[in-house]
Structures are given as C-alpha cells and as structure tokens.
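Input sequences plus hints: build the corresponding full structure.
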Amino acid sequence: MIAQQLLNGLFLGAVYSLFAVGYTLVFGVLDILNLAHAAIFTAAAFTAFSLSMAGVPLPLALIAAAIVAGIMGILLDRVAFAPLRARNAGTLVPLISSIGVAIVIGAVLRGIYGIDERHFTTGGLDTAPAIHAGPLTFTIVELTIFLSAIALMLVLSWVLRSTSLGRRIRAVGQDRIAAALLGINLEATVAATFFIASALGGAAGVLTALRYDSITLDMGGPIELKGLAVIILGGMGSVTGAVIGGFILGAVETLAVVFGLSAWRDAILFGVMFVLLVARPTGLFGKRALRAA
Amino acid sequence: MNRITASALALIAVVALAGAAGKSVHVGVIADVTGGAAVYGTPQKNAYDLANEDVKSGKIDVGGANLVFDVQDAATDGAQVVNLMQKFSTDGATPIVLGPTLSGEAFRAFPIAKNANLPVMGTSTTAEGVTAIGPSVFRDSLAESQVIPTTVKRTHDKWHYKTAAIIFGDDNAFTKTDGDIFARELKAAGVDLVDTETFHIKDTDFQPALTRIESKHPDVIAIGALFPEATKIIQQAGKLGIKARMMGGNGLNSPEMYAVAGPAAQGTVVGAAWFSGAKYPSNLDFVKRYTAKYGKGPDQFAAQSYAAAQIIATLVKGGATTKDEMAAGLRSARVIQTVLGPIGFDQNRDVKSSPVILSIVKDGFAYFH
Amino acid sequence: MSALLDFYAKHSRLIDQIGVNAILALSLSVSLQAGQLALAQAAFMGIAAYVSAILALNAHWPLPATILTAAIVSSVVAALLAYPVRGLRGVFLAIATIGFAEIVRVIANNLAITGGAEGLSGIPNDATTPVIYGSLAIVAAALFVLSRTKFALAVALVREDEHAARGVGVDVGAIRTYSLALGGAIAGLAGALYAHASFFITPADFGFAEMEKILVWCVVGGVTSPAGAVLGATTLSILPEAIRFLADYREIFNGIILLGVILFAPGGLASLWRRRAVRP
Chain Z
1112 MIAQQLLNGL FLGAVYSLFA VGYTLVFGVL DILNLAHAAI FTAAAFTAFS
1162 LSMAGVPLPL ALIAAAIVAG IMGILLDRVA FAPLRARNAG TLVPLISSIG
1212 VAIVIGAVLR GIYGIDERHF TTGGLDTAPA IHAGPLTFTI VELTIFLSAI
1262 ALMLVLSWVL RSTSLGRRIR AVGQDRIAAA LLGINLEATV AATFFIASAL
1312 GGAAGVLTAL RYDSITLDMG GPIELKGLAV IILGGMGSVT GAVIGGFILG
1362 AVETLAVVFG LSAWRDAILF GVMFVLLVAR PTGLFGKRAL RAA
Chain A
99 MNRITASALA LIAVVALAGA AGKSVHVGVI ADVTGGAAVY GTPQKNAYDL
149 ANEDVKSGKI DVGGANLVFD VQDAATDGAQ VVNLMQKFST DGATPIVLGP
199 TLSGEAFRAF PIAKNANLPV MGTSTTAEGV TAIGPSVFRD SLAESQVIPT
249 TVKRTHDKWH YKTAAIIFGD DNAFTKTDGD IFARELKAAG VDLVDTETFH
299 IKDTDFQPAL TRIESKHPDV IAIGALFPEA TKIIQQAGKL GIKARMMGGN
349 GLNSPEMYAV AGPAAQGTVV GAAWFSGAKY PSNLDFVKRY TAKYGKGPDQ
399 FAAQSYAAAQ IIATLVKGGA TTKDEMAAGL RSARVIQTVL GPIGFDQNRD
449 VKSSPVILSI VKDGFAYFH
Chain F
269 MSALLDFYAK HSRLIDQIGV NAILALSLSV SLQAGQLALA QAAFMGIAAY
319 VSAILALNAH WPLPATILTA AIVSSVVAAL LAYPVRGLRG VFLAIATIGF
369 AEIVRVIANN LAITGGAEGL SGIPNDATTP VIYGSLAIVA AALFVLSRTK
419 FALAVALVRE DEHAARGVGV DVGAIRTYSL ALGGAIAGLA GALYAHASFF
469 ITPADFGFAE MEKILVWCVV GGVTSPAGAV LGATTLSILP EAIRFLADYR
519 EIFNGIILLG VILFAPGGLA SLWRRRAVRP
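Chains as they are written, first to last, in this note's numbering: chain Z, 1112 to 1404; chain A, 99 to 467; chain F, 269 to 548.
Treat the hints with caution; some may be incorrect.
[To be verified] Only pairs whose alpha carbons sit at most 16 Å apart, straight line, appear in this in silico EDC-like list of lysine to aspartate or glutamate:
| # | chain 1 | residue 1 | chain 2 | residue 2 |
| --- | --- | --- | --- | --- |
| 1 | A | Lys185 | F | Asp274 |
| 2 | A | Lys212 | A | Asp422 |
| 3 | A | Lys300 | Z | Glu1335 |
| 4 | A | Lys300 | Z | Asp1329 |
| 5 | A | Lys394 | Z | Asp1227 |
| 6 | A | Lys256 | A | Asp317 |
| 7 | A | Lys300 | Z | Asp1227 |
| 8 | A | Lys394 | A | Asp383 |
| 9 | A | Lys185 | F | Glu428 |
| 10 | F | Lys278 | A | Asp189 |
| 11 | A | Lys260 | A | Glu283 |
| 12 | A | Lys154 | A | Asp168 |
None of these hints come from the bench; they were simulated from the model.
Here you go:
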C-alpha cells in the first residue's frame, strides 16, 4: 500500500508543482500574488476541451491551450497589473484587481460552457488501460501527465538559466529599476514572464482535467490556496522551491491519509506551512534561489 | 328569464369551481444558480422554467390562474439567501417560497419566513431539523435519514456483507449527515466498519483514501457524497481495481453517475427519493421534455423542484392564493400527483413517500432487486 | 416616516449585514494601519461566532455577556498568534495567517461542540439593528479616540519605517501585537454579532472566501483610512442586491465593477472623496 500511496503522492505533486511554478514566477519578478492564476488554469482546461471536441488531438490541444493561457496571462497583466504598476500602487491593490479578473473569467466561462462538468471522453478514466507493475497501479494517462509536467518544468528551468530572456527575467526580478537602467525592456520582460507563468498554469489545468477526465468551473478552487502553501514551502519566488514544494504537498496530503488522518489533511498541510514559515521565513530555498538560478 | 337565470347560475358555479381563474399567484423561488452550489441550483431553475412554460401552455392545470415561479439567484451566498427571503416576506405579493438550495441556507432563511408567517417548502434541504423550524415549513424531499436506513437494509439482505468502509465529505452538511447515518445503520446491521475516510467538497483526487480503504479489504464501500465527487470516487476506485460493492444516497441520483463514471459505476446502489424511469403519469413526460429542452436528463434536484411546482399548481387550482390558504392546503394535502409519485405531508410537514432503491446499469438506473 | 419604516421592514437584514461587515472591515483596517497584512480576520470572527453561539445555546448566557466573552477570546487568540508571526512581513505574514485561519476552520469542522459541517442552528436572533449599529458606533468612536493618542503615532511610525520607530524607542513588537489583538477583538465582536443575527453558523462561513471579501472591502474603500473600510464594506454589501435586475449578467458585472474601481481609484473609494474635497 505504501508504494502505491507514494506513487499517488508523486502524481499529485507533479501537477501541484507545475501550477505553483507559474504562481511563484510572477511573485518572484513582480512581488505580487496573482489570484487569477487559478482562473487561467480553469480557462485553459475548457479551451483544451473545446479544441478536442473540434477534433484536435489531445497533445496538440494541450499545447494550444497553454499558448492561449499564456496570451490570457499577457492580457491579464495589461488589464489588471500594468496600469497599477505605472501608478506604483503597491502589492495589495494588484491582489484585488486579480480577484476582479478571476471573477470575470469565471463568469465568462459559465456563460459559454454552463455549469455542467465537461469530459474529454464519455467512457471515463477507467477505459484507459491500467498498468500493474508489482504493487503499483497507474494509467498511461497518468504517466504521460507526470512526464509532461516534469518536461515543462525542465524547459522552464533551462529558459531561466540559459537564455537571454531568462537572464532578463531574473534581472527584473532582482531589481526592476536597475534592470531598466541596464537597458532591459521592462514591459516586454514582464509580458514574457506572464506568458510563461500563465502557459504553465494553463498546462497544469489541462493536465489536471485530463487526469480526472473532468473540467468544472470551480476546478481551480482547491488548488488556489494549496498553491500558496506550495510556494511558501519552497520559498517565495523560487522556481526550484515551488517544484519541490509541490511534491512535498502531494506527499503530505497522501501521508495524512496513510496515517488515517484524512479529516485533518488540510490542517496538517497548513500547519506544516505555518511552522516552516515561522522557523524559516524565506522557505526552503528563499527568493534568492530565483536570482541565482 | 329562466334561461338568463340558468346561465347566471351556471356562471356562478363555474366561477366557484374554478376559484383560481384570472387570479395572479407569484411564487418566490430561491436557488443557487451561480457560485459553488450552481450544479445543484441550476437544475432547480431549469425545472421551474419548464414549469412556467407548462403553466402557460396548460400542460400543468392551474384552473386559469396566472401562476408564476419567480426564480432568484442566491449565488451560494448566505447573505443573498437571507435578503431574498426577506424580500419575498415583505413584498405582500408572495404567498409561498420554494427553496433555497442548501440546508445551511434553509437554517438561515426559514426563521425569517416563520416570523413573517410565510409558508416555505424546501425541495433539496435534507438535513435533520429543517421542518422543525416553524409550523409552515414543509419539504418535498426525502431526508437522508429516511433513505439510507432502507438502502443499508436492502443491500445487506441481498449481499450479506460482513465488513464495510465509509468515505464522506466532512465539510458539507449533506455529505456529513450521509457519513453519520451510514455509520449508525451499518453498525446496527452488525457490519464491521473497517475504515472511514473523509474528503472535502470539490476534491478531485480520491486515490490515497481509496488505496487505504482497499488495504482493509471491505466488502462494501458506502459513499456519502454528491454526484460531482461520487463520479470521481467510483472512477478512481475502478482504476485502482477495487472490487468492493458501492452504495450511496440521494446525492448520487444524477444522470452524471452512469454518463461519467462509466462501467465502473455499474452495480452501484443508490437510495433515492425519485426514479427517472418511474411510470407515474407525468414523470416520463417530464423526463422527456426536460431532456429535449436542456440537452441532458433531469436529476433529482430538478425532479423535486418540478414536483414542488406541481404541488403548488394543485393548490392554486383548488383556489389557494394567500399565505394561509397555501399553508392550510399543504397541511391538508393527502395525495397530490407529482413526478415523484403520489405524495402528501406527515404531521411534521415532511414528505410522505418511501425511498426507491436503485442500481446503476449501463445507460441509466434500474430498480435494485 | 411610514415610508422609512416600510423601507426598514424590507431591508433590515441587508442593513444589519452592512453593519456587521463594516465592523469586520474596520477590524482588518486596524492591522493594515499598522502595516500588517494579517489575513486571519475571518478566523477571529469564526472563533467568536462559535464562542458566543455555544454560550447562548448551551449556557443560555445573555447577549452582552456572550459578545464580550467572545471578543475577549478572539482577541487573546490574536495576541497569541502575534508571537510566532512577529518576524514575518508582507505576503509572508499574509500567508502564515491564512494558514492559521485554515487550521481554525478544519478544527471547527472536526469538533463535536461546533456541530461540524452541519453547523449550529437556532442561535437566538437578538443582535438587532440598534445593537449592531451601537457596536459599530462604539468601535468607530474608540478608533477615533485612539487615533488621537501616542499609540496611533507609534502605529503610523511602525507602518512607515520600523527602523526609525525602534530608533525613537517604540517597542515595535508590542505595537504589532496590540494592533493584531485589537483587530482580533473587533473581528470577534463582528463574529458574535454575525452569529446572533443569522440563526445559523457553519465553518464554511469563516473560510478564505470570507477573508477575501473583507480584504476586498478594505482595499476598494481605501486601505489607509477606517472611513474607507466602512465605505468599501457598505458599497460592496449593497452591490449584489442593487444589480439583481441584471440577472444572468450579475456575476460578470460584479467583477467588472470591482476591477473598474481598483483601476480608476487604486487608493480606494475614499480617495475619490478626498480628491474632490480638496478641490476649491
């Protein structure tokens, strides 16, 4: 049972990580919490659903939906954050405008798709062949999701580490004014950051939808708050930290159940987060990790 | 002269018979069409919209009255539920209110109706104690406490299971009640409860809990959930190769169960208040027309709302237009024909009807034998 | 006069909600004034709501005693919370306090005395409009008096520059603890009133969604002033009912209004007022 539970936690953690990476990237660069990240996560899942209904193969639908999510991220920045950035409105006000955008996205999705749960297939997950490897049971879909999440995070890590765009993003994250003085186009870099962050969040949405073969208006709800816990566990602004934080979250949630404490699952999760935050306010990796990455 | 008198008398008789003719009756409806409970409130709104059409077309006979179901969205927000109930209590034009969607909302709003002497009828508020709030609080929905004991008894008689596990949502009044009653009834039946797992509403991953349940090898898994979570629990149990039989309550009585959960759901037993295939005169017609209008079949939320509309229509046809007449009409109602079957109310103002025990088959529900 | 009474009869519940929400917004504005983005107000509210409801239901305490006890309890909890989070600032403090609030909610979900998810029903409905607005007046007056003291000066100093505050001998830790405890007491007062104005409470009433609402009220009204907090709570409590005629478009309009206000008046509604007031 323990082996299966660890696998459950690993699969769960991969998607948490992917979601949190985008969450933390925006925080690392702009010092704002983007509460519309979960809404874009949901919107991407619906986009992929529409594409797949139109006959687009799923892998292509995933990529296209992630790109749509990325573009939504850029729009989100232009609408909700850029005007406030120009007016130096601090970190609290953008938080509220992102809530406003999240409400609008949710209302538009409800208008288009209605309230019913949508599915990529009609037969359900159990029609996908399950693989039994020793004590483990999983599906091809789950394995593909897991590998896709890992691949996307590796790509992000490479972009941040080894490309000139990555260097620009890190420079802006470190010191916006100094970066501007060095001739870095601030707004273009911010737009790129939002594209990457939202595309990854969108990919996480599509992968979550695929894993459970379920797309609902409120699928982003539970992950919104847990995403906060993840980026704290790893250290705000740290991409590596968010990845590890995601896996820790998956493990904590699963272990809570293993020990028969499912009723206290969220309290344990947030308890761990609280203690960690108090003991080590910068998290496991701290914000510096992004700058050094 | 004679002829005139005769026709005058006939006219009076007609007016007396059709006491409702020409009268306007405005029924308030509170439903969560948006927000977290929209999946339950929207079928309710759909059912009332259909009922409004049926009243206009004469399919629902209201004796010529102008009966309207005014559906207002409470957005799954307790404050809005309260404000709507106060609006309906004070507008001087509403003789009865149907809804709200959730039991917690009913506990907040029904006392306001009680103070205003306004009769109310819940159609999905199944928690214990709801009808005890006031002397004019009714409901046409069977409580879980009326459904689950029969479900446990019938499955136990058939399957003779020795061990069971329960999985239920612990942050929702409905699913929490489910969990409690399943535990009570299973123990009473002498079944050994090997594991109890909880989840939160809107969770999507149940594999850790199911893996743990499976490690205890129960014969039966009792599910205290509403259909959005129940479909995923059953799907994921299927994926993990869990062979234990499954059962649940009212929350599982939705077309989603067989449409979404697929083959894994087949054989799952559902104790419920309504069967979509029941051959009551109006039921098959309701299911057919609802499906045609909305592109998917009605669930129990829709059926109980449509039944409430039929109950009100019957009262209005009998001449009830005021608050007191509505309350008196419901109290004295013995047998009203609805999509739920012929129903009335007991002295506690709860619906008098027996649960149906269903089993999920390939493309729908069937009676469990 | 009768028109006024009629208006009250129709809208008394909304009027009461506005009063409670205004007190909640004030409670958050107290910690925001001290530069602390502490987002556990909904939890303080919940703790007090349960304390006062349980005292009323099980021990039959009178309203004033339950309210007072509840406010004291939540204030003490807030002060105790202030100790471990003393080293945290900004969003780190925000997230730690959100985590604390989630733990409180899970505990309320699992205790027998709170009724868990089934909630507590039948709470005496004795927090009348005069009681609620009397409480609001007392809170507002107390905050006004406080704003004229050295304490307020120290709070402002801590908000603007902690190092400078330490330099002139202000005990920063104490100021932060006091302001969190004061915010906790006020949120507790609101929570007790909420319980006694709603018949019913359940843990979900005090979750992150409620906290998000309180924060939105404060920011939309204007974080820098208590008047802004009250204005924000009032406006946004009325909004959903005021735009009911929009039917299916209500939800999206709600979001657009929120976005519009924030973008056009990042300083909040109160800043518009002030801007106009300065004009000759």
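request  = Please write out, lowest number first, the hints stated earlier that are contradicted by the structure.
outcome  = 9
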